[in-house]
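Using the sequences and the hints, build the whole thing.
2 protein chains.
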Amino acid sequence: MKLFRKVAIVGTGLIGGSIASAIKRHGLAECVVGVSRHKETLLRAKKKGMIDEGSQDLRIIKNADLLVIATPVRTIEKLSSAIARIIPGDCIVIDVGSTKEAIAQRCDKAFTRYVGTHPLAGSEKRGVAYAEAGLFKNSLCILTPTSKTDTKALRVVKKLWRSIGADIVEMSPSAHDKMLAFISHLPHVVAFCLMAAVPATLLRYAPASLKEATRVAASDSILWRDILLSNSNNIIRSIGVFERMLSRVKSAAKRNQAKLLERIFRDAKFKRELLDGYRNRRSGGRR
Amino acid sequence: MKLFRKVAIVGTGLIGGSIASAIKRHGLAECVVGVSRHKETLLRAKKKGMIDEGSQDLRIIKNADLLVIATPVRTIEKLSSAIARIIPGDCIVIDVGSTKEAIAQRCDKAFTRYVGTHPLAGSEKRGVAYAEAGLFKNSLCILTPTSKTDTKALRVVKKLWRSIGADIVEMSPSAHDKMLAFISHLPHVVAFCLMAAVPATLLRYAPASLKEATRVAASDSILWRDILLSNSNNIIRSIGVFERMLSRVKSAAKRNQAKLLERIFRDAKFKRELLDGYRNRRSGGRR
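In the order they appear, the protein sequences are chains A and B. In terms of numbering that gives the first Met the number 0, the first sequence opens at residue 0 and continues consecutively. In terms of numbering that gives the first Met the number 0, the second sequence opens at residue 0 and continues consecutively.
Think of the hints as simulated: they come from the structure by calculation, not from any bench. Treat the hints with care, since some could be wrong.
Identical chains share a label here; the pair holds if one copy fits it or two copies do between them.
DSSO-like mimics (lysine-lysine), calculated; alpha carbons at most 30 Å apart, straight line [claimed, not checked]:
(1) LYS158 x LYS253
(2) LYS158 x LYS210
(3) LYS177 x LYS1
(4) LYS249 x LYS210
(5) LYS210 x LYS157
(6) LYS249 x LYS177
(7) LYS157 x LYS61
Since the model is a prediction, treat every value here as computed from it, not as a measurement.
Below you can see the structure in the form of structure tokens.
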């Protein structure tokens, strides 16, 4: 069943390209067009059959009835007015940004039928080369409706994400940002800092513990710069909580407090095993 | 070729059991015996053909010409005198502890032919159930000879590790401990603290970034308590370096310093890609 007539994807990278590809595979739209700053990306997306047409010119999005913004967070904010000038007033607009509060404020103003979404999928990899229709299968997508959200548009967007394989959770943009600060933004910051802390000369000896702990440090720096700036208060708070744990361990090691160290590590192990329990029920996305 | 007549493994868990198993598979000894506090562990090890005989009584180690201590770090220090009273004076003694300086000081006194070793293999898993002969294949084993090390014993120990698949790097116990504080102990501490910092109610939404960053938080708490206490100065120093990186990021986020954030993340990404280059040449161990 065709959910849409014309879908326009702005930013045909890993996530945008995968959405385009999934929409095509499931036959959800009559036509999918893509916008990218890079000609090569568009050629590749078209060659892989992810889009029907591509352009570096935003005007290709005109007459779309679904517009997907899949760019770094701050680019979403910058592009919103330009997009609003081109698309029809009743076009449903979604974004896939990793932070939601600032974007929702902006997009609720710019568009009449905006729905914030955040698929917990993707990885440290970036670009259309890694895009694939199956990326969202068994993943979780967070929808962040506000008091301004059009209920019919919300229903269509739910249908879209479910059709391409995602389970849906709804929460407010603010609850989303507080949560992501802990479960995603903090682990990324920690990975970046861990990588920065380890002397380069020792990298050749790195055991799997270091490799795994820092995998996401290879993530795109622009993407993560934007996430940090757009969710800074929550992230600073989560770093603060983490720092307090770190100084507990440091102080226990300094004072030779065996029992305390053992308890901290045992509690962490318990929580990690809890996490693994959830993992077994859901393969989960990366970001 | 038989390198040894009788090998005795004290602590037949993941590492001890895997060494026993590898020695049997490669026919490096006429006989392998194991010591464990747990009867069940010994039964399992015997049933899997990892050891010829097992006992909860340390006296089974008598007449060994290779003695492997594969217990948590502080247990090594506790057991050394008891072991020294039973084994022949010319028995080669190795340990597989994750810290080396304190152990080397103790064991160089307790034994005439001690060689410190640290196989960078294993995982957050523990116990004989996960032991396997192939654990050290393509892994790295660090040997930490001192001025007191018997050169013939060192040669035999190298042969042992190479025979069961490990590549060898030599360094002083102190260099080892400084290095491991960064490449292994810090990532573990960070994983424990990350797990402690994330509210339990959010665990069900955990994306892959959090799962991977905290995998080693499921490691054994006794093992890691001992590692922290036995390498506390170096670990406290590495935590300090990491904390400074963390506060740079926090302050840049607070002050909206886009360029600085981007540079920190880009540098981390560069180092992570360097690490991945090494990874391709060596599968590497976990711990």
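### Task
Up to 30 Å between alpha-carbons, please classify LYS210 paired with LYS157: within, between, both or neither.
Classified as between; 26 Å across copies, 36 Å inside a copy.
### Task
Indicate which option fits the pair LYS157, LYS61 if close means a Cα-Cα distance not exceeding 30 Å: within, between, both or neither.
Answer is within: at 23 Å inside a copy they meet the 30 Å cutoff, but 70 Å across does not.
### Task
Please work out whether the CA atoms of LYS249 and LYS210 approach to 30 Å or closer within one copy, between two copies, in both situations, or in neither?
both (23 Å within a copy, 24 Å between copies)
### Query
From the Cα coordinates, with 30 Å as the cut-off, is the pair LYS158 and LYS253 best called within, between, both, or neither?
neither (55 Å within a copy, 38 Å between copies)
### Task
Tell me, please, which holds for LYS249 and LYS177 at an alpha-carbon limit of 30 Å: within, between, both or neither?
both (27 Å within a copy, 16 Å between copies)
### Query
30 Å Cα cut-off: does LYS158 pair with LYS210 within a copy, between copies, both or neither?
Intra 38 Å, inter 28 Å, cutoff 30 Å: inter-copy only.
### Task
If the cutoff is 30 Å on CA atoms, where do LYS177 and LYS1 land: within, between, both or neither? Let me know, please.
neither (36 Å within a copy, 61 Å between copies)
Checked against the numbered hints above, the structure breaks hints 1 and 3 and satisfies the rest.
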